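Make a model of the complete structure from these sequences and hints.
Read off the chains here:
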Amino acid sequence: MINDYLLLSITLFTIGLIGFLIRRDLIVMLMCLEIMFNAVNIAFASFSYYSGNYTGQIFVLFSIAVAASEAAVGLAIVLALVRSTGINHSDGIKNLRG
Amino acid sequence: MNIPQIPLQFDAIIPEIVLTAFTFLVLLLGVLRINKSFLLGLSVFFLVSTIPLIFIFEGKAFGEMFLNDSLAIYLKFTLIMGATLSMLMFSPYLKYRLIVMNESLALIMFATIGMMLLVSSRELISFFVSLEMMALSCYALVATRKYDHRANEAAIKYFMLGGLSTVIMLFGIALIYGSCKTTDFVYLVSCSAQNLELSLAGVGLFTVGLCFKIALVPLHMWAPDVYEGAPTPVTAFISTLPKVAVFGAFGRFLVEVYSLHYVYWSNFLIVLSLVTIVVGNLLALPQRNIKRMLAYSSIAHAGYVVMGLISGTSDALYSVVAYMFVYTIMNIGAFAVVVALNEENIENYRGIHKFHPVISFAMLVFMFSLTGVPPTAGFIAKFYVFKQAIEGGFTWLVVIAVLFTVVSAYYYLRVVMYMYMKEPIIAPSLIISRELIAGLFICVLGALILGILPVFLI
Chain W
10 MINDYLLLSI TLFTIGLIGF LIRRDLIVML MCLEIMFNAV NIAFASFSYY
60 SGNYTGQIFV LFSIAVAASE AAVGLAIVLA LVRSTGINHS DGIKNLRG
Chain B
3 MNIPQIPLQF DAIIPEIVLT AFTFLVLLLG VLRINKSFLL GLSVFFLVST
53 IPLIFIFEGK AFGEMFLNDS LAIYLKFTLI MGATLSMLMF SPYLKYRLIV
103 MNESLALIMF ATIGMMLLVS SRELISFFVS LEMMALSCYA LVATRKYDHR
153 ANEAAIKYFM LGGLSTVIML FGIALIYGSC KTTDFVYLVS CSAQNLELSL
203 AGVGLFTVGL CFKIALVPLH MWAPDVYEGA PTPVTAFIST LPKVAVFGAF
253 GRFLVEVYSL HYVYWSNFLI VLSLVTIVVG NLLALPQRNI KRMLAYSSIA
303 HAGYVVMGLI SGTSDALYSV VAYMFVYTIM NIGAFAVVVA LNEENIENYR
353 GIHKFHPVIS FAMLVFMFSL TGVPPTAGFI AKFYVFKQAI EGGFTWLVVI
403 AVLFTVVSAY YYLRVVMYMY MKEPIIAPSL IISRELIAGL FICVLGALIL
453 GILPVFLI
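First to last, the protein sequences are chains W and B. For my numbering, add 9 to where a residue sits in the first sequence, where the first one is 1. For my numbering, add 2 to where a residue sits in the second sequence, where the first one is 1.
Hints in this document: simulated from the structure, not taken from any laboratory. Computed from a predicted structure; not experimentally measured. Backbone N, C-alpha and C fix where the C-beta goes; we use that ideal spot for every residue, glycine too. Accuracy of the hints is not assured; some may be wrong.
[Said to hold, decoys possible] Derived coverage of chain B by chain W (criterion: at least 3 residues anywhere in the stretch with Cβ under 8 Å from a Cβ of chain W; other residues may be distant):
hint, segment
1, 62-75
2, 143-153
3, 158-170
4, 178-191
Structure below.
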């Protein structure tokens with residue numbers, strides 16, 4: 010049973026990772042980051058449920074809180090970027106040569 | 003379910019609690035439109051006044067979950083000192099209104115609290131949360147100059163790649179938790195041999211996530227761009243202190259918790275440190291912008307630090323922490339000179355010593371120290387790290403590292419060469435303040451005294 014949930018978690022994580030790497034819209038990239046966070050939450054919850062140990066569920070709460078603050082900071086930075094340059098996709102970021 | 007009784011003792015965490023209260027006070031006073039330079043002085047005073055507290059409250063808190071031992075005290079002293087020095091570098095910007103003051107000060111203090119908690123945490127939940135506290139404050143710090151599009155680009159790069167590394171690290175933590183059913187380091191030690199594949203995968207992903215944060219070579223791409231785009235005092239902060247904290251916490255995690263897996267991670271670290279030293283030093287050679295040059299140099303220094311960690315003994319941990327201490331002094335000092343000169347192109351540094359002999363001398367000391375030339379602290383730090391690697395039996399690695407130290411002399415000493423041996427074209431103007439001079443003085447003194455009397459180091 011736990012294998013099914015872990016498979017779901019890994020699939021979600023991969024979807025998020027691929028989305029993060031191939032999409033160019035900054036907001037969509039942020040959403041993919043959130044998908045990956047939730048994939049990890051599923052892994053924590055399933056490990057916790059099948060072992061009867063509650064630490065994983067507590068970790069999920071912390072992870073949700075961190076994901077929320079990460080989204081807040083990320084959206085603020087995207088907003089600042091759009092206001093100062095009008096760019097909202099990652100192809101436009103080329104002033105700093107990397 | 004049987005819940006273990008944990009004695010509620012939180013003496014050891016008092017410095018962090020006090021600093022948190024001070025930070026909220028700074029945020030509050032910032033809203034009240036009080037004098038900015040007074041606020042800066044107050045923040046510096048708050049940070050410095052926490053230093054005695056760390057030494058007083060040595061011990062454990064919350065069972066074994068928070069540990070303030072001698073190594074953690076050393077790291078926290080480094081962190082607070084570095085945060086204070088980079089705060090002093092904000093002062094010249096007051097006159098020119100180049101930076102958002104209140105928020106920067108509060109964010110630096112929040113990041114410092116996060117890093118202090120990180121080096122003390124003996125438990126994966128608090129490890130993760132304090133790491134994020136540090137990282138989120140750093141992303142916001144890079145973006146403090148709201149209408150500077152270069153700073154915003156740097157911030158978005160830092161945020162996106164940092165967020166990705168966080169998620170990868172979190173997945174690693176989930177696998178570690180899955181293999182051991184605990185997040186407490188004390189219990190992780192005893193069960194790290196069970197479920198070997200799962201815990202190896204977990205530690206591997208965890209390591210990859212952290213390597214992103216300290217910019218080791220296959221994962222270093224963000225560093226030069228972010229360091230170039232961020233305001234210079236912020237660059238000084240984010241290029242040294244997160245590395246100090248992450249190296250301290252990560253080194254302890256590997257050496258003290260996963261010592262049973264030594265065979266696996268030591269080979270991994272050998273490859274990482276070799277590639278980091280080679281690529282970091284070679285890419286620093288063609289740089290014309292001093293902030294980019296220092297960014298690549300900080301990547302190379304991270305490689306040396308990883309090399310010190312390879313032998314996996316507790317002495318190795320001390321050599322790493324000593325290296326980070328010296329690195330903090332000399333790197334923040336070098337950035338302070340960049341702030342004072344207000345010029346990023348190395349070629350515009352020609353002949354500066356004729357106009358500003360003191361500043362040029364400071365830069366000379368920092369560049370020699372970063373290279374690792376004997377009378378400076380950089381030499382002693384490199385010596386300890388190389389000694390640990392040789393005692394671990396990695397002489398060939400040390401030979402390569404020393405060769406690349408010679409390569410690094412080219413790009414460090416080029417700055418000195420431009421300052422001292424070229425004829426000046428224009429007389430450069432300084433942006434400077436009393437506080438910046440004081441910070442520079444401390445850095446120069448530290449770099450020289452620790453080089454001549456290394457007993458203070460360990």
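Hints, one by one, checked against the model:
no. : hint    : verdict
1   : 62-75   : violated (count 0)
2   : 143-153 : holds (count 6)
3   : 158-170 : holds (count 8)
4   : 178-191 : holds (count 5)
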